[in-house]
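Q: Here's the letter readout for the chains.
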Amino acid sequence: MSTRPTNAYLDALARQSLAASNLAQFIVAADWTVMLASNGAARLFRRSRENLEGLLLTSLIDNFSAIAECRATGCPHEGCYRQLDLKIGAATAAVEMHCEKYNDAAGVSFRKLTLHDAAALAARDALRTARLAKLSLLNQVSEALYGAQLSLPQVLESVLIAMTAGQGLRFNRAFLLLVDERSRTLRGEIAIGPSSREEAERIWRDLADQPNDLYEMMTSYDLSLRETDVAVNDIVRRLKVDLADEDHVLIQAMYSRRVVHVTEKDTSPGLADVRRWLGVDRFAVAPLATRRGAIGVLIADNAISGLEITDLDLEFLQLFANQSANAIESSRLTEELARKVLDLRKAQQKQKEDQQTLLRMERLSVMGETSAIVAHELRNPLVAIGGFARALLRNLEQDDPNRQFAQIITEEVSRLERIIHDLLDFIRPQKMMRRVVSPDQIAVEVARKMQPALERGAVELVQDLQASTAEVHCHPGEIQQVLQNLILNAIQAQPEGGRIRLSSRSLEGGVLIQVADHGPGLPKDVAEKMFSPFYTTKSAGSGLGLTICAQIIKAHGGVLRGENLAEGGACFSFILPRPKVETENGE
Amino acid sequence: MAKILIVDDEPHLRLLYETELRRAGYQTMTATNAEQGLEYVQTMQPDLVILDIRMAGMDGIEALQRILDMDNTLPVILNTAYSSYRENYLTWSADAYITKSSDTNELLAKVKELLDAKMVES
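Keeping their order, the protein sequence lines are chains X and V. With numbering that gives the first Met the number 0 applied, the first sequence corresponds to residues 0 to 586, in that order. With numbering that gives the first Met the number 0 applied, the second sequence corresponds to residues 0 to 121, in that order.
For the record, the hints were derived by calculation from the structure and aren't laboratory data. The C-beta atom is built at its ideal place from N, Cα and C for all residues, glycine as well. Take the hints with a grain of salt, since some may be wrong.
What the hints assert, rightly or not - Below, in silico cross-link-like pairs of lysine-lysine (DSS-like), each with a Cα-Cα straight-line distance of 27 angstroms or less:
{"id": "1", "chain 1": "X", "residue 1": "Lys553", "chain 2": "V", "residue 2": "Lys109"}
{"id": "2", "chain 1": "X", "residue 1": "Lys448", "chain 2": "X", "residue 2": "Lys339"}
{"id": "3", "chain 1": "X", "residue 1": "Lys523", "chain 2": "V", "residue 2": "Lys111"}
{"id": "4", "chain 1": "X", "residue 1": "Lys349", "chain 2": "X", "residue 2": "Lys339"}
{"id": "5", "chain 1": "V", "residue 1": "Lys2", "chain 2": "V", "residue 2": "Lys117"}
{"id": "6", "chain 1": "V", "residue 1": "Lys111", "chain 2": "V", "residue 2": "Lys2"}
Unchecked claim - With beta-carbon atoms standing in for the labels, derived distance ranges:
{"id": "7", "chain 1": "V", "residue 1": "Asp115", "chain 2": "X", "residue 2": "Val461", "range": "56 to 66 angstroms"}
{"id": "8", "chain 1": "V", "residue 1": "Pro10", "chain 2": "X", "residue 2": "Asp353", "range": "32 to 42 angstroms"}
{"id": "9", "chain 1": "V", "residue 1": "Thr42", "chain 2": "X", "residue 2": "Arg417", "range": "51 to 61 angstroms"}
{"id": "10", "chain 1": "V", "residue 1": "Asp115", "chain 2": "X", "residue 2": "Glu507", "range": "38 to 48 angstroms"}
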């Protein structure tokens, strides 16, 4: 069995394919007998194909001689073209004839004639020319939008100029609407176009003086100088559609990503509003869309001239809108980038300044420390010099001539010591030292200070203070710090709220102070380590709180103890010593 | 006669304090560092200690803690060129903190006050 189609079948297919052609095509013998005719040929001659086949071309075309008048000496391989006006019946058909000459296997010659409609060809050429012009226009637009480094407002203006300029898309008016993410609306931004025919004529006259080149125009023309756009800008400011209004003609156009041509017949949601705003029935809406999504729409109309918006206009409006959208997006991104670069630069500058300040402070601090050390180191020799000068002064007789010298040394040393004192010692008053105070007063003061923290933690502080007449020898500020720390821990041990008992008892050797909570108590491992530096069970703790408390109590001659109570909860306690004098008095 | 132990690593200052304290009628002994001072506290039973803070080896703050561990009734005066140690609570258990001065009257007054108090106590 053969794996190839039969020649007879292919012959039939070739015949069929020619017959089916919409172009007027014939196969004619050397004597101009029509051997085969296409559907297009049947239409041209207003006869059926079967009817055509077998007829002589001379009988079909009145001025057949025009075809036969081929002066070519030899037919080129690709055939040749000729423009002819063929008379068919009463009509004249302007055609472009393509003639190809072939020989069959036996050397018998025949022709294939194709008759193209010249009018259709001319229209196609005109369309091609127009397209080429628009493409060159788009190229200029693209150069202007991307090449000229325009700011965002300039880009928006340029887009509108290109839409309305005579060298551009030639719409009468153009409106630009952008998505406002904050208000979730599509909002009118800027517009261009005259408000009346008179104004239009004046503008068009003025424009004659403007540069002819669209690129020039887009990059140099200043919209703000034009007062004529007031009316359209009033209109554009009124244009505002909720993004959620998905059926609205403008929102639809934006999300469909296809240009919409609105004519008198259309009735879609929101259209009445838009018509009222614009004052026209016919207009075109082009979506501004980038790869990242829809950013707005362009609306164009011919409100003044009343000219029809053609399919070609729409086609280019679509292309133009795509380009504009990308230009707007890129300009936005550029501005955002510029802003970020500026922010970054500011941050860098700030960091540099901070670093310098830090460095200066560090230097000052080092200088301060150094001078403090030097001053301190001077103190010891000064004490020796001054001390012995005083001794000397004391030992010298009243009339000894050296007395005066010893006196001078004493005074000068005192002066130096005063300088050092003023430099280093004035900050620390004597009150840092221990005093004899009432422990209950300290406890009451702490309770007062902790009230806000207690309230926040919904914890009640029960004050069980029974050492009101007792006195202790301590550093009140530090004991306050210890109590505050213990109470804070107790609050944190009861995250759901609860109660803390702060108690004082007068004992023989001093005053016992206790802070007890109703929390879960101290786990064994915690109890072992809680006084170690940097040990903490809190996520934000330093691990130094209890360590410092324990050391403060130790410095007061006591021990800070933490234990679990039989009835539940943890209890911290310490004893503050009585003043030594008081101890003596008590005995 | 009360015995006063002076712990200071500056020889001139030791001499000055000895001179002044003897003139005031006290018996004195001196230690040139903290370790020696601690030894004398145990062996010589002073009635009062004048302790410098900044010394080579063990400093006066640690020496103070150890002295109090041995005998917390023994009066200790911290006598230092550095006023900033007042901020360190470990120095608060001393009976007095005096900044060194060529005018020894404050030191002498404090010595007398503490010894008088001690005398009454015992």
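Q: All the hints need checking, so say for each whether the structure fits it.
A: Hint by hint, here is what the structure shows:
1. Lys553(X) with Lys109(V): Answer holds: Lys553(X) to Lys109(V) is near 25 angstroms, not above 27 angstroms.
2. Lys448(X) with Lys339(X): violated (47 angstroms)
3. Lys523(X) with Lys111(V): violated (50 angstroms)
4. Lys349(X) with Lys339(X): Holds. Lys349(X) to Lys339(X) sits at ~15 angstroms (cutoff 27 angstroms).
5. Lys2(V) with Lys117(V): At roughly 13 angstroms apart (the allowed maximum being 27 angstroms), Lys117(V) and Lys2(V) satisfy the hint.
6. Lys111(V) with Lys2(V): holds (12 angstroms)
7. Asp115(V) with Val461(X): 56 to 66 angstroms: About 44 angstroms separates the Cβ atoms of Asp115(V) and Val461(X), which means 56 to 66 angstroms is violated.
8. Pro10(V) with Asp353(X): 32 to 42 angstroms: The hinted range 32 to 42 angstroms is violated for Pro10(V) and Asp353(X), with Cβ atoms some 49 angstroms apart.
9. Thr42(V) with Arg417(X): 51 to 61 angstroms: violated (40 angstroms)
10. Asp115(V) with Glu507(X): 38 to 48 angstroms: violated (25 angstroms)
Checked against the numbered hints given earlier, this structure breaks hints 2, 3, 7, 8, 9 and 10; the rest are met.
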